[in-house]
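Dock chain to chain to rebuild the complex, using the hints, since each chain is given by itself in its own frame.
Spelled out, the chains give:
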Amino acid sequence: MTDKPTGLVQGTLDMLILKTLELEAMHGYGIAMRIEQISKGVFQVNPGSLFPAFRRLERAGWLKSEWRDTENNRRAKYYMLTALGRKQLKGETREWARQAAAIARILKAES
Amino acid sequence: MSLLRNLAGGLRGLFRKAQVEREMDEELRGYLDASANEKMRRGMSRQEAERAARIEMGGEENVKEQVRAVGWESLLETLWQDLKFGLRLLRFNPAFAAAAILSLALGIGANTAIFQLLNAIRLRTLPVKNPQELAEVRIAERNGATGSFVTRYPNLTNPQWEQIRAQQQGFSGMFAWGPAGFNISPGGEVHSVQGLWVSGEFFNVLGIQPERGRLLSSMDDLPACGSHPVVISHSFWQREFGGDEAVLGRKLTIEKHPFEVIGVAPANFYGVEVGRNFDIAIPLCVEPLIRSEFSVLNRRDGWWLTVMGRLKPGWKIEQASAQLRAISPGIFEATLPTEFDPGDAKHFLGYKLGVFPADTGISNLRETYENPLWLLLGLGALVLLIAASNLANLMLARASAREREMGMRMAVGATRGRLIRQLLAESLLLGLAGALLGAQLAHVLTRLLVASISTQSDPLFVDLAMDWRILGFTAGITVLTCVLFGLTPALRATQVSPGAVLKSSGRSATSGRTRFGLRRVLVVSQIAMSLMLLVGAILFSRSLQKLAKVDAGLTQEGVLEVDLDLTALRLPAERRAEFKRFVLQQFRAIPGVASAAEAGIVPLSGNGQNRQVLVNKAREVIEGRSEMNEISPMYFATWHTPILAGRDFDDRDTLTSPKVAIVNETFARKYLAGTNPVGATFHLKSENGEPRPFQIVGLVKDAKIYDLREEFLPTMYIPVAQKEHPEQSETIVIRSQASLFSLISALKSTVQQINREIDMDFIPFDRFVEVSLLRDRLMARLSGFFGILAALLATVGLYGVITYMVERRTSEIGIRMALGADRQSILQVVLREASILLGLGLLIGTALSLAGSRAAATMLFGLKPTDLVTYVLAVVSLSAAAALASFLPARRAARLDPMVALRNE
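Going line by line, the protein sequences match chains G and L.
Each residue of the first sequence is one higher than the one before, counting from 1 in the working numbering.
Each residue of the second sequence is one higher than the one before, counting from 1 in the working numbering.
None of these hints come from the bench; they were simulated from the model.
Wrong hints could be hidden among the right ones.
[Said to hold, decoys possible] To be clear about the criterion: a stretch of chain L counts as covered by chain G if any three or more of its residues have a C-beta under 8 Å from a C-beta of chain G, and this derived list gives those stretches:
1) 65–77
2) 323–337
[What the hints assert, rightly or not] Lysine-lysine pairs mimicking DSSO-like chemistry, simulated, CA-CA at most 30 Å apart:
3) LYS312(L) - LYS352(L)
4) LYS17(L) - LYS84(L)
5) LYS64(L) - LYS19(G)
6) LYS546(L) - LYS77(G)
[To be verified] Taking CB as the label site, the calculated pair distances span:
7) ALA401(L) - GLN44(G): 46 to 52 Å
8) MET80(G) - LEU491(L): 45 to 51 Å
9) ALA100(G) - GLU26(L): 36 to 42 Å
10) MET80(G) - PHE15(L): 24 to 30 Å
The beta-carbon is built from N, C-alpha and C at its ideal position, and this holds for glycine as well.
Same shape as in the complex, but just chain L (with noise of 0.2 Å):
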């Protein structure tokens, strides 16, 4: 009530302005009259009590702010003078004004951008009913693992789910999901999606409600797996059915069986893993239908599920995690693969259950990303400090400039509060437009940063919508640089005595240190800072150059992977390798094929198998680890590896000839002492468990097999001629001259004149390197970025600095020449100056580089964070683009006239 009458009165204040003013004229001269008439009363005249009246009542102006006073709008009042005010003197200095908006937009929207990307992935929960209820139960220190790894996140197996679904007590709803990719072409060429396998419970315990239709149910996800059916996203509803409400009840082929849709999931819904969003979700039950005889999911050694659940009321964490602890001997009991030996066996039964929070969902993009984001961020705030030691360097100038306005309006009675206010609200104007600028340019970049990680196998989803974390971010950022570049200027502009400041008319011959000293100190700090982000900057490009250079062994230029599915053929197990043999000749036989291989791992696409080994070395038996590839003769020419030793595979090499193997270098001198391995043997485990003689008939160069980074792996290659039970698919790498366009378009034709029915899928070897370089592209872009926006920003502010300087003494210098000093050492005295303050700065720099650089040492290949190069590169140009700032304003300083100077009084 009485808050609603304030408010009132407050905007009466406010709109009827004049009225109110004029009512309180009024009242006042009547409050004068009246005691003017009462003192006549008394025996004065009416001169003398009109005067004594007004001395009574003191300043009339003065009671009059006083009652102004009273209300809140007056303080709303004053601001908004203020910050007309400070509009003004900003019109009057648009270069200024811009200058210091624009560098304030990139360094907040540069912040504000890595933040948005870290909030995303990191931060945000998920956004279903209650988040933080939800869990993830995995085995809590599994140090290796055997047996068939099929999705990104292969926590458990689905006999193990079942297990935990049936013994634990702490969840009141439990599901599995694990993400595959799907074909959902009727046939001819793939056209992938990103698919969920889902247990029954998955949408139910998220509390998910369909947007059409309905969602999976556990009816839905039976051990008999009587219907197919398949949820949509709302995004793939949108995107493949046009939106369309007649979707339910449609046929979807995924991997060509028929599914029945049955519902669309919500717009915001894309699922647990955040970082990408899934097209179709089908159950669990449909896995041996798609996956046929590669079927995990009543496999005791396939890895494949992720398994999460919802804590009952009044359950902690910590308590669910005990309870599956104390169940956990059981359920590996149950579960433990039959055909596992003693020792994995016994690794097995050791697994014990852990149960983790996961309101943020899942993610392997955090493991990735998450340091590399938060360096960035750092780096970020680098810059924007530069950005603001900038602009408080200017506003320390222009505080200089107006000294005499602030002593002068002190002298009249202003109150240093209020001059600090006024000076504030410049700033605030300043950061305000900044910040909405920044805001804008953050929402591009965050876009072109995630399209930067983002690629066209591997799509990343990431929600990017507005909330009050990232817009407490930007108001943070922006509030902090506002202070540190309005709050000092103006406390320092407003430390003056204003007897003192109007007294000297003029400027004096030499200005006073500690009014220079802060910019000094800004100058060295700015310095110092970007010479961090330099040798940031030169470090990421040059570890992105050497990971461009480096040896992998093979060629990487000009090769296609392409990938055959013959499922719908139907070949017999024994006809496969011939077919596949006469696919890869009609493949040779194109035009423009230099050479084509059949490859059972592609290198760099992230795929690879490893299995033990025996060697015989003199009389003991090596044990060890090898990389394994199964691969056709040509192999090795088509990546350009160089065979060494002995000789490629041929026709030779067959199902019923001796097995044979081609050993890499590192396998050589691990397991063989570096002798020329041609002719020796060595033993591998068969799928039944007996060892198996191999002997080794050629030795090649070493070659990547996972990413550029790893140093290289011991490997064997295996003819797959020899392979016993060949799969239903092949891949082929080509080499070819001929554009990928007409290379693509030729193979379509081919395989479509051998079999109408081969699904085909086709992809440029350069995209796996692409990939495998995302990271370390991405960080040396940005670094680069941040770099050389630093050293610009600090290269500005010297030579701010030093013209300041050159200014300020410019009486002093013709002083001097009027004493006979010449241009040489009227520019040595500048240059000084400008010389100290860049090495005071390097010194620094140099120091706070060493300490920091190492928060960047696992994200740096083939160089440390103390690379002498670095350093160097960084001071050198750094030195350079500040000699260059001083020299201008000190060549200037040099040419001045000494009676121009002198009369410049």
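Next up, chain G with everything else stripped away, as it sits in the complex (with noise of 0.2 Å):
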């Protein structure tokens, strides 16, 4: 896999937002920089889509927020997972595991 920053896959990224919450809560940037690192530059995520997904998953109930000090002792908006939200990753994970595996199967049927 070359580094080259990708598009990400459709409806891809909420659950990406929800996975990098799992452990800790986090402020905007730091979730879109985690993204970018773990996906070693792959994804790499603008605030003119995080911004509306954050409002989106927070209306859906799988997000909560709230105004924290971060450690350069700024405000900022934290978000954190849900026990909806946490149910909600668990399906998804499990849902993109087995289609990844299907779509697997089919590219190597084929070759």
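Rendered as structure tokens:
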């Protein structure tokens, strides 16, 4: 795999955000950085899709937020998973794995 | 749960907007800071880092907008903004807004009003439990019947009803009823109310619960008929008893007999006849008591009942119909009138019963008014269309004025959809205001409409309560018109290329063809539609005129009908004729009375009777039907009907003298080959079936009997003095110059001097005429109103388009003038444009009218729907209005100063 950044597969951003927040609460920039780092720069998340996603996930009840101080002593909005969000993540991960495996099988069979 | 959260979040966004926005600002700024810090850590200068972070983010506003767009509240917000903006624009143009709203309100109001009436008399189901189960039983194809017909719906006889009730299988319950007018005055002047004869099952099968006391049951309708109970309607209770709680057990005099009030029906129940309300309901079994010698209860040829029932669960109308059809021969065999001759009997035994849906009740209003109302609804829709296209025209004019604005907004990034939405919001506002005002207007108009077809003697009761159908109709036509006058111009207005619009700094010399084309199409269709409406209006008013002027064979003004009820005097049959003659003498002596006569049947009152006659002509015998009226001397003088040959009846004609008759011209023409009939004889079957000879002693001019539309019918007049069984009532027609009021009071005191126990009722003859012209007058008035409105709207539309055209072509006109064109030729240029539009509209309109007016054919009297005079009148009047509308702007164009016109850029 190259390091060239690509767009996200449709609908996966929500899952990635949920996954990123599985261990700890984070603020917007932190989430963007984490996704970029872990994907080794393959996924670059721009704020134009990140912030609408936060609003969407919050509305769905999967995220909640609160204002906290950052390590640099600034105020930032931290997002964290709700119980519902955790359940959603589990479901989406399972579904993703199932589909990815299926796609892999198909690709293998064709070659 | 998640829906609730979404709702709460949206509401927070709406109501705590400032805080939500502040938080978003802070969050985004935090993101930018963090991003810049990160970049500085990697070695960028502060300035570079901040710039890079900003570029990465893209437009900050853009991100915010995307976040806002996530929630549903944003849609609401843009809509609200659009509406506010639209409202502001309309406030800047109050004249435009007022004209638009008013014309929409008129169109929507008129349509809703007509639909409301249609809904009430045709579409709405009866306000009873499960109305869809109700069905009516009647003879499927009854081509004529013989006997007495005593109610508005003489469908079946009582013996038939009893057979049907005993033998039917498809109904869980059945009932019979018949409408009747009752006199509830204990004496003196008649106080008539609307009554119902009902079988004992009536209220029970309909599932009506009493408001007070109890309703009639099967126990009240037994053959023995011991007690005399009456159920009164809610409105009667309020009107006559002031809603008195102690009404139960009170006595009510009905046709001189005491009845006991046992209960009050609920307020929303008006019976099963749509268009009427009832005041009192009494059991069928008391009929012989009330009608005494004229009772039809046990007569096998007395038609007066309507039979209805509730189908058993699972039974379809077809099944019930098939069952009744199967048992029909037995039923008619068992109820065959014994006195029928073989021909009548054969016809009678061939009847087949059928079951028909009755969920919307029974109504004879439908026959009279359903088609006219649908037609009016069609005309109303045309008016609304014209109003809408006028508005579309105005909106188009505004759209081209706002072309630059639209181009500018698209250039800075507005999408076409967003602009259309905003333009639509404006028309939605207009539509909404128009609909609200229209609904108010409809409320008033419907009541006016009902009042105009309701008469004192025949009051109409229509339940006009709002329901989903009316709401749906109003909403539907509003949305449709909005789309029509809003969407098309909006699509047009936003079909601009921003670059082209911004480049052209001023007006071009001539306006674009395509943009202007739509407006011409609109004007042409307006002219065509208003021509159709004008043709309709003129057709109906000419028809009414012809009806009002028709030669009825009698002078309608100045005649009063007096009905006297002599029952209370208990006169023996042989003294009645003499007594009636005495009353007539007394009336004739009243000052101001020109003439007075007894009349068995009053023309145009809707009553009539006809008989079989046998006329000897040469050697053969002609059999035919003739109308019959039993009259006293002076009858023809009272109506101003000329006696053409022979004599009037006089004192020579008595019970014992030879039977005589006077016939009308049609009788003579049809049965006596038009020869002078005086001296000829014909035979009339007497009650025992023996033909009896009558000698014709006079010939009179033809006169109408049932209504003004009919062809003259063969009619014979028989002297009332030769009648063997005079009734206990007397109808007298009086011609007088005196005022109605003084005449009636003189008559009253005369009657009271003769005998205080005589009941009396007075009906001015004009009222019958008025009633018989009711529908025609309604059609003439409403179509006239629509026609004028349409012509006005179309004229305004044409004026608008020509004015607009002149304005758009100001510089062209200026150039033409500068090049030497004189005023005359400028005038011609503009007028040619107008006359092309007008001519095209008239052509299409004429074609459409010729096709459409066929729908009105049966409602017209004395003229065809293709009446030439009508078309000429319509075309001429519309052309005159259009000429005026286009001449004004044309003259303005011709008076332009070329210098001013050219400087206009």
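A quick look at each hint next to the structure:
Only residues whose beta carbon comes within less than 8 Å of a beta carbon in chain G count, and the stretch 65–77 of chain L has 5; three or more means the coverage holds. Closer than 8 Å: that is the beta-carbon criterion, and the stretch 323–337 of chain L has 0 residues meeting it against chain G, so the requirement of 3 is violated. The suggested pairing of LYS312(L) with LYS352(L) holds, with an alpha-carbon distance near 21 Å, which does not exceed 30 Å. With a C-alpha separation of about 18 Å, the suggested pair LYS17(L) and LYS84(L) falls inside the 30 Å cut-off, and the hint holds.
For the hint linking LYS64(L) to LYS19(G), the alpha-carbon distance of about 24 Å falls within 30 Å, and the restraint holds. Pair hint LYS546(L) plus LYS77(G) does not hold up; C-alpha atoms about 86 Å apart against a cutoff of 30 Å. The hinted range of 46 to 52 Å is satisfied by ALA401(L) and GLN44(G), whose Cβ atoms lie roughly 48 Å apart. Range check, MET80(G) to LEU491(L): about 48 Å between beta-carbon atoms, so the 45 to 51 Å window is met.
Checked against the hint of 36 to 42 Å, the C-beta distance between ALA100(G) and GLU26(L) comes to roughly 38 Å, which is consistent with it. For the pair MET80(G) and PHE15(L), the beta carbons lie near 26 Å from each other, so the given range of 24 to 30 Å is met.
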